[in-house]
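Given next are the chains, with one letter for each unit.
Number of protein chains: 4
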Amino acid sequence: MTTPHRDGPLNHWVFTLSCVDSPGIVHAVSGAIVESRGNITESQQFQSADTGRFFMRVQVESPAGREEFESALRPVVERWDMTWHLDAVGRPLRTLVLASTAGHCVNDLLFRQRAGQLPVEIPLVLSNHGGLRDLVDFYGVPFEASAVTNADEKAAFEQRVLDAVDEHDIELVVLARYMQILSPELCDALAGRCINIHHSFLPGFKGANPYRQAHARGVKLIGATAHFVTSDLDEGPIIEQNVVRVDHSRSVAELVAIGQDEESRTLTQAVKWFAERRVLLDGARTIIFR
Amino acid sequence: MTTPHRDGPLNHWVFTLSCVDSPGIVHAVSGAIVESRGNITESQQFQSADTGRFFMRVQVESPAGREEFESALRPVVERWDMTWHLDAVGRPLRTLVLASTAGHCVNDLLFRQRAGQLPVEIPLVLSNHGGLRDLVDFYGVPFEASAVTNADEKAAFEQRVLDAVDEHDIELVVLARYMQILSPELCDALAGRCINIHHSFLPGFKGANPYRQAHARGVKLIGATAHFVTSDLDEGPIIEQNVVRVDHSRSVAELVAIGQDEESRTLTQAVKWFAERRVLLDGARTIIFR
Amino acid sequence: MTTPHRDGPLNHWVFTLSCVDSPGIVHAVSGAIVESRGNITESQQFQSADTGRFFMRVQVESPAGREEFESALRPVVERWDMTWHLDAVGRPLRTLVLASTAGHCVNDLLFRQRAGQLPVEIPLVLSNHGGLRDLVDFYGVPFEASAVTNADEKAAFEQRVLDAVDEHDIELVVLARYMQILSPELCDALAGRCINIHHSFLPGFKGANPYRQAHARGVKLIGATAHFVTSDLDEGPIIEQNVVRVDHSRSVAELVAIGQDEESRTLTQAVKWFAERRVLLDGARTIIFR
Amino acid sequence: MTTPHRDGPLNHWVFTLSCVDSPGIVHAVSGAIVESRGNITESQQFQSADTGRFFMRVQVESPAGREEFESALRPVVERWDMTWHLDAVGRPLRTLVLASTAGHCVNDLLFRQRAGQLPVEIPLVLSNHGGLRDLVDFYGVPFEASAVTNADEKAAFEQRVLDAVDEHDIELVVLARYMQILSPELCDALAGRCINIHHSFLPGFKGANPYRQAHARGVKLIGATAHFVTSDLDEGPIIEQNVVRVDHSRSVAELVAIGQDEESRTLTQAVKWFAERRVLLDGARTIIFR
Chain A
1 MTTPHRDGPL NHWVFTLSCV DSPGIVHAVS GAIVESRGNI TESQQFQSAD TGRFFMRVQV
61 ESPAGREEFE SALRPVVERW DMTWHLDAVG RPLRTLVLAS TAGHCVNDLL FRQRAGQLPV
121 EIPLVLSNHG GLRDLVDFYG VPFEASAVTN ADEKAAFEQR VLDAVDEHDI ELVVLARYMQ
181 ILSPELCDAL AGRCINIHHS FLPGFKGANP YRQAHARGVK LIGATAHFVT SDLDEGPIIE
241 QNVVRVDHSR SVAELVAIGQ DEESRTLTQA VKWFAERRVL LDGARTIIFR
Chain B
1 MTTPHRDGPL NHWVFTLSCV DSPGIVHAVS GAIVESRGNI TESQQFQSAD TGRFFMRVQV
61 ESPAGREEFE SALRPVVERW DMTWHLDAVG RPLRTLVLAS TAGHCVNDLL FRQRAGQLPV
121 EIPLVLSNHG GLRDLVDFYG VPFEASAVTN ADEKAAFEQR VLDAVDEHDI ELVVLARYMQ
181 ILSPELCDAL AGRCINIHHS FLPGFKGANP YRQAHARGVK LIGATAHFVT SDLDEGPIIE
241 QNVVRVDHSR SVAELVAIGQ DEESRTLTQA VKWFAERRVL LDGARTIIFR
Chain C
1 MTTPHRDGPL NHWVFTLSCV DSPGIVHAVS GAIVESRGNI TESQQFQSAD TGRFFMRVQV
61 ESPAGREEFE SALRPVVERW DMTWHLDAVG RPLRTLVLAS TAGHCVNDLL FRQRAGQLPV
121 EIPLVLSNHG GLRDLVDFYG VPFEASAVTN ADEKAAFEQR VLDAVDEHDI ELVVLARYMQ
181 ILSPELCDAL AGRCINIHHS FLPGFKGANP YRQAHARGVK LIGATAHFVT SDLDEGPIIE
241 QNVVRVDHSR SVAELVAIGQ DEESRTLTQA VKWFAERRVL LDGARTIIFR
Chain D
1 MTTPHRDGPL NHWVFTLSCV DSPGIVHAVS GAIVESRGNI TESQQFQSAD TGRFFMRVQV
61 ESPAGREEFE SALRPVVERW DMTWHLDAVG RPLRTLVLAS TAGHCVNDLL FRQRAGQLPV
121 EIPLVLSNHG GLRDLVDFYG VPFEASAVTN ADEKAAFEQR VLDAVDEHDI ELVVLARYMQ
181 ILSPELCDAL AGRCINIHHS FLPGFKGANP YRQAHARGVK LIGATAHFVT SDLDEGPIIE
241 QNVVRVDHSR SVAELVAIGQ DEESRTLTQA VKWFAERRVL LDGARTIIFR
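Chains as they are written, first to last, in our numbering: chain A, 1 to 290; chain B, 1 to 290; chain C, 1 to 290; chain D, 1 to 290.
Keep in mind that a hint or two might mislead.
What the hints assert, rightly or not - Not close to chain D: a few residues of chain B, all C-beta gaps over 10 Å, as computed:
| hint | residue |
| --- | --- |
| 1 | Cys19 |
| 2 | Gly24 |
| 3 | Val26 |
| 4 | Arg74 |
| 5 | Asp166 |
| 6 | Ala216 |
| 7 | Asp247 |
| 8 | Val256 |
Claimed, not checked - Simulated pairs of lysine-lysine, DSS-like, Cα-Cα distance not exceeding 27 Å:
| hint | chain 1 | residue 1 | chain 2 | residue 2 |
| --- | --- | --- | --- | --- |
| 9 | C | Lys154 | C | Lys206 |
| 10 | A | Lys206 | B | Lys206 |
| 11 | C | Lys206 | D | Lys206 |
Simulated from the structure, these hints should not be mistaken for lab results. Built from N, CA and C at the ideal position, the CB exists for glycine as well.
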């Protein structure tokens with residue numbers, strides 16, 4: 001996070017904001033950055049014609065600590081009534097993973113976390129099956145499995161999720177091919193911090209068995225969609241999508257195998273952007289500051 | 001179609017077939033080819049697990065003329081009760097184009113026809129607007145426009161389509177961004193020989209204004225779909241699909257502009273495959289022998 | 001360019017700059033924009049670790065006219081010794097096109113210019129062959145052809161290029177599959193304002209017959225590269241590249257046909273970005289503010 | 001490999017051949033298949049205009065065992081002097097993996113082997129570093145590491161490779177980001193059965209540090225190439241290539257991270273095709289029967 005500097009160590013901050021759009025915002029923000037002796041290393045902005053809101057993400061190298069930087073920013077965020085977030089670039093996001101039997105997404109997340117390619121810290125994987133225990137163990141991550149086959153078990157599992165979120169100060173919950181529908185209550189409790197991977201190119205093939213649907217419809221590309229979870233199934237804001245070409249000769253089982261690559265890379269990409277504070281919400285749509 | 005050969009000119013045939021699958025078909029077909037002194041230059045086959053049918057496309061160079069080749073094939077096609085088609089490779093397909101105001105698809109088809117890149121012969125373009133007359137004129141293709149603003153005009157326009165199909169011995173009707181819904185009767189009359197380009201990645205965003213729908217839903221890829229026209233709107237068998245990446249910053253108007261490239265190349269590709277006898281129907285799905 | 005506004009008509013400006021990187025630039029630029037009552041509608045920036053330079057592109061809606069806006073910017077551009085450019089968003093760039101026999105790139109440029117999808121104004125097409133005359137005529141653009149088969153004809157042709165650049169106040173020269181190598185003198189005279197399309201994925205397959213080279217090497221993707229022309233053949237800064245998948249069955253002639261789509265869309269994209277002032281030079285590399 | 005059948009268990013065979021092209025080959029092969037009561041489930045063929053050779057791959061379901069099927073094929077393969085191979089569909093290929101410090105390719109191969117997505121059996125991983133021991137251990141695969149820092153160590157390592165090939169009856173050697181150049185002798189010994197992943201889109205950026213070269217050249221797409229190893233460095237026949245879009249803002253380190261995904265999926269794809277007998281050699285080019 002910090003590198004040596006002739007005036008002392010440099011901090012690297014990421015500051016995101018949204019507010020009602022009006023002139024002067026960029027000038028005010030950059031003024032606060034100058035005041036705290038910062039240098040902008042990355043900057044993106046967007047004005048939403050749909051909602052009239054302004055969105056910005058800046059990365060700033062500065063000798064200023066959090067307190068000093070926040071002091072400089074305070075008049076600005078107050079004047080424009082901003083929704084904002086200040087964080088250290090690269091700080092690992094505390095992330096809870098939910099899984100079932102398929103291991104490809106979990107494997108991709110854990111391999112990249114260990115390889116230092118994904119700024120997350122996964123303190124726990126929860127599953128409704130025990131099958132992934134060995135894989136998760138190998139990466140040294142605690143693993144808990146409990147069956148979800150009736151309403152009571154589902155309630156217990158969801159309570160365990162909420163408890164784990166509290167206990168580990170979880171900032172992001174990832175459904176890594178977790179094959180249970182979350183209750184509306186849990187969806188609401190995790191609003192804006194729960195990402196699911198759906199194994200189709202939404203809005204095509206919502207619901208169960210999307211590859212079977214894709215085969216029946218004879219599509220020429222299959223895909224995967226990472227999206228925020230809402231109580232409206234498979235309708236949450238889309239974060240990332242990818243597709244891959246297929247042809248008539250592929251069986252449903254082959255589509256499933258082919259689609260796995262798109263699922264894991266799409267989910268991992270969405271998690272990475274979220275962890276880097278590149279994902280902002282603009283109504284039912286996402287802004288991705290790549 | 002024919003090239004000099006020490007035994008006389010060689011014909012280049014394309015033979016397509018479908019029938020109930022059973023052993024021995026390839027051996028029988030290749031036997032008929034050997035019998036007519038042919039050499040297979042391209043061959044593809046597919047067994048549909050869904051319908052139990054067998055599909056095959058072969059290209060054959062042979063000194064045999066149509067009559068001789070058909071004689072050799074006759075026992076085979078009769079024994080397996082095949083649906084089949086025999087054609088000369090490269091023969092231009094008689095193609096009727098329907099258009100409205102957008103010129104990009106029509107331009108792409110006409111430019112490639114003239115450049116010799118698309119084996120079609122377009123004797124006529126029909127439109128419900130006059131705006132594309134200059135463009136079509138430039139390519140030396142007859143153009144007729146008549147408004148379609150009420151039921152009577154629609155009936156008259158559709159009758160003109162049917163008359164033109166008869167008059168010009170049309171083998172394929174292409175809806176090159178023709179912005180009217182065909183009547184069920186016309187759909188039925190043109191079944192299996194009418195291709196439409198829909199400006200979304202079906203089955204997402206059926207119906208009107210797909211780019212507006214795509215913008216509202218916040219998808220990260222937009223696409224185009226070329227499909228056979230059926231009376232079930234935007235539900236006909238899919239021939240080809242392409243997508244292109246977009247982001248949150250694109251307005252609906254920009255999506256429209258970006259999507260045009262995918263529309264024209266997707267439609268042109270579908271027309272090319274159809275003209276080359278590479279598109280076969282297997283229930284509600286297409287087989288594409290690329 | 002201007003839209004009604006309660007305080008009078010709004011101008012839409014695009015301002016690009018580069019300078020040695022140091023803190024405070026964004027704040028100073030945004031200050032000048034606030035001073036001239038502007039609102040930033042698009043903004044991108046980049047700090048080059050390779051050259052130590054800072055690059056920025058902003059679009060600004062403002063009631064200020066050019067003189068007023070320039071006055072506000074002047075102290076800023078002087079203080080940082082900026083290389084800069086101020087233009088009206090959407091102003092068509094005066095563009096000279098050079099062509100030979102292949103029409104696909106020329107057709108794509110002219111079709112899009114006419115359709116309003118490409119902010120260029122093409123006053124003239126020069127060619128070393130007469131074959132594209134009809135096509136260019138159709139679009140109402142003057143066309144001149146003169147053979148280039150020896151040193152004298154080449155010198156005369158290049159002089160005609162330079163004269164046309166002067167005469168029409170040309171801002172960009174596009175080599176739309178112009179199949180002659182420009183002299184070093186002409187390359188220098190057009191430095192930074194001449195774009196070529198090379199029919200390979202550079203740096204693979206420089207020089208002549210790239211599709212033949214690609215076939216011999218057995219690559220699985222073929223591509224196209226739009227780049228600035230320099231006297232070092234096919235080594236100029238790359239603006240855009242695209243590839244398309246091919247397989248072993250494709251002949252050289254088929255690669256040529258398949259590659260044409262990538263060539264025209266890659267060149268058109270590069271021209272569009274250049275015309276929108278999105279292409280900046282950072283040593284031997286380009287910055288593309290998409 | 002075998003499924004119940006009313007006439008007894010069915011075997012599933014894959015038969016590949018190449019020979020000088022002449023008429024009648026398909027008929028003769030399909031005749032042998034009919035004779036051994038087989039049903040063709042997949043068939044591809046290719047005639048090389050470059051070398052005049054014919055290539056074919058068929059999958060056949062048949063109650064015939066290897067001996068019976070070979071008997072039926074023998075007259076055919078002898079008559080046309082075919083190079084041929086007969087194998088059971090899905091039989092895992094005995095594969096030796098060589099690695100260094102980067103784990104992404106090894107992880108992808110081992111994860112997919114365990115998940116049943118890759119028809120290989122990896123009895124051993126050899127490395128010139130010890131860093132991947134834990135990962136390989138987790139998958140239950142023996143791992144041996146020995147340094148290669150001088151000529152003697154290199155000779156010893158290469159002898160160990162040859163011994164392991166013998167000992168384990170190895171059919172394929174995979175260089176999964178093994179960062180040593182093989183000696184010409186080892187290249188020759190493994191000719192046609194050794195696949196390397198090179199971290200660029202060949203023929204661009206051969207040799208060392210391809211991402212550094214790509215950054216310096218400012219390419220807009222980076223890629224990976226899986227190819228057969230020959231003594232001519234990075235010049236062996238290409239099996240598969242993929243690219244991914246990058247922009248000016250990416251540092252060399254970021255290109256390295258981005259490119260890893262393409263490397264692992266490209267290598268895994270090449271290994272899968274090879275193990276499924278879909279890769280044939282036609283001079284310096286590969287035929288891929290996808």
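Hint check results:
For Cys19/B, the non-interface assignment is confirmed: its Cβ lies about 14 Å from the closest Cβ of chain D, beyond the 10 Å cut-off. Non-interface call for Gly24/B relative to chain D: violated, since the shortest CB-CB distance, roughly 5 Å, does not exceed 10 Å. The beta carbon of Val26/B is not kept farther than 10 Å from every beta carbon of chain D, the shortest such distance being approximately 5 Å. At roughly 17 Å from the closest C-beta of chain D, the C-beta of Arg74/B stays outside 10 Å, upholding its exclusion from the interface.
With a minimum CB-CB distance of about 40 Å to chain D, Asp166/B clears the 10 Å threshold, and the non-interface call stands. Once the 10 Å rule is applied to beta carbons, Ala216/B is consistent with being away from chain D; the minimum gap is 26 Å. The Cβ of Asp247/B sits about 13 Å from the closest Cβ of chain D, beyond the 10 Å cut-off, so the non-interface label holds. The beta carbon of Val256/B sits about 23 Å from the closest Cβ of chain D, which is more than 10 Å, so the claim that it is off the interface holds.
Of the supplied pair hints, the one linking Lys154/C and Lys206/C holds, its CA atoms being roughly 22 Å apart against a limit of 27 Å. About 15 Å separates the Cα atoms of Lys206/A and Lys206/B, which keeps this hinted pair within 27 Å; it holds. Between the alpha carbons of Lys206/C and Lys206/D the distance comes to roughly 15 Å, so the proposed pair stays at or under 27 Å and holds.
Violation of the numbered hints given earlier is confined to hints 2 and 3; the remaining hints are satisfied by the structure.
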